[in-house]
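Undergrad: Sequence:
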Amino acid sequence: MYGIWFRRVVAYDGLLPLMVWFTPWLASLAFPNRRGLIEMFAILLPVIGFLIRYVSGRRLIDENACSNIGQRWQFVSLCVGLMVLAVIDCVIVLLYVMPRGALQQPGDWLMFLILWVFYFSLMAGAMYPGRGR
43 MYGIWFRRVV AYDGLLPLMV WFTPWLASLA FPNRRGLIEM FAILLPVIGF
93 LIRYVSGRRL IDENACSNIG QRWQFVSLCV GLMVLAVIDC VIVLLYVMPR
143 GALQQPGDWL MFLILWVFYF SLMAGAMYPG RGR
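Number 175 marks the last residue of the sequence shown (the working numbering); no jumps.
FYI, nobody ran anything at the bench for these hints, they're computed from the structure. Keep in mind the model is a prediction, meaning the values are calculated, not measured. One should not assume that every hint holds.
[As the list claims (entries may be wrong)] Using C-beta positions, here's what the derived DEER-type ranges look like:
#1 Arg-76 <-> Glu-105: 39 to 45 Å
#2 Leu-79 <-> Val-159: 30 to 36 Å
#3 Ala-128 <-> Ala-72: 23 to 29 Å
#4 Pro-171 <-> Arg-76: 41 to 47 Å
#5 Val-139 <-> Ser-109: 42 to 48 Å
#6 Leu-157 <-> Leu-93: 17 to 23 Å
#7 Gly-172 <-> Ile-85: 32 to 38 Å
#8 Val-159 <-> Ile-85: 21 to 27 Å
#9 Leu-145 <-> Cys-108: 19 to 25 Å
#10 Asp-104 <-> Met-125: 16 to 22 Å
#11 Cys-108 <-> Met-82: 20 to 26 Å
Every residue, glycine too, gets a C-beta built ideally from N, C-alpha and C.
Take the sequences, apply the hints, and build the full model.
TA: Printed below as a string of structure tokens:
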């Protein structure tokens with residue numbers, strides 16, 4: 043049961059954000075000098091990722107073996123985590139259109155790392171399957 047939990051957290055909270063972050067890069071390689079396309083991705087991809095994560099997370103919370111109070115806390119954790127992820131997604135996708143040198147300070151990336159660890163921790167708690175009933 044916990045192996046499935048770990049795989050879900052890694053897939054939805056590791057791989058899905060990576061897909062959102064790298065799609066604009068692939069689009070910039072396939073369609074160079076198409077700034078509008080990347081800006082469109084900056085809007086659409088985080089929203090699509092948010093919806094996928096919300097629907098799958100809500101379904102998993104409803105089906106887990108946690109108490110009702112635990113499930114409420116998991117839902118709050120899911121929502122807060124998704125807001126943090128939306129901010130991270132938007133900034134990372136917009137890096138493709140920011141001027142050269144933007145966000146080049148080590149503290150900038152440290153802040154992103156801290157936000158991502160906070161997000162991943164929230165999602166790990168939100169996706170906790172509970173103990174068998």
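Undergrad: Now, for every hint given, state plainly whether the structure supports it.
TA: Hints, verified against the model:
no.	hint	in the structure
1	Arg-76 <-> Glu-105: 39 to 45 Å	holds, 42 Å
2	Leu-79 <-> Val-159: 30 to 36 Å	holds, 31 Å
3	Ala-128 <-> Ala-72: 23 to 29 Å	holds, 25 Å
4	Pro-171 <-> Arg-76: 41 to 47 Å	holds, 43 Å
5	Val-139 <-> Ser-109: 42 to 48 Å	holds, 46 Å
6	Leu-157 <-> Leu-93: 17 to 23 Å	holds, 20 Å
7	Gly-172 <-> Ile-85: 32 to 38 Å	holds, 36 Å
8	Val-159 <-> Ile-85: 21 to 27 Å	holds, 26 Å
9	Leu-145 <-> Cys-108: 19 to 25 Å	violated, 38 Å
10	Asp-104 <-> Met-125: 16 to 22 Å	holds, 20 Å
11	Cys-108 <-> Met-82: 20 to 26 Å	violated, 39 Å
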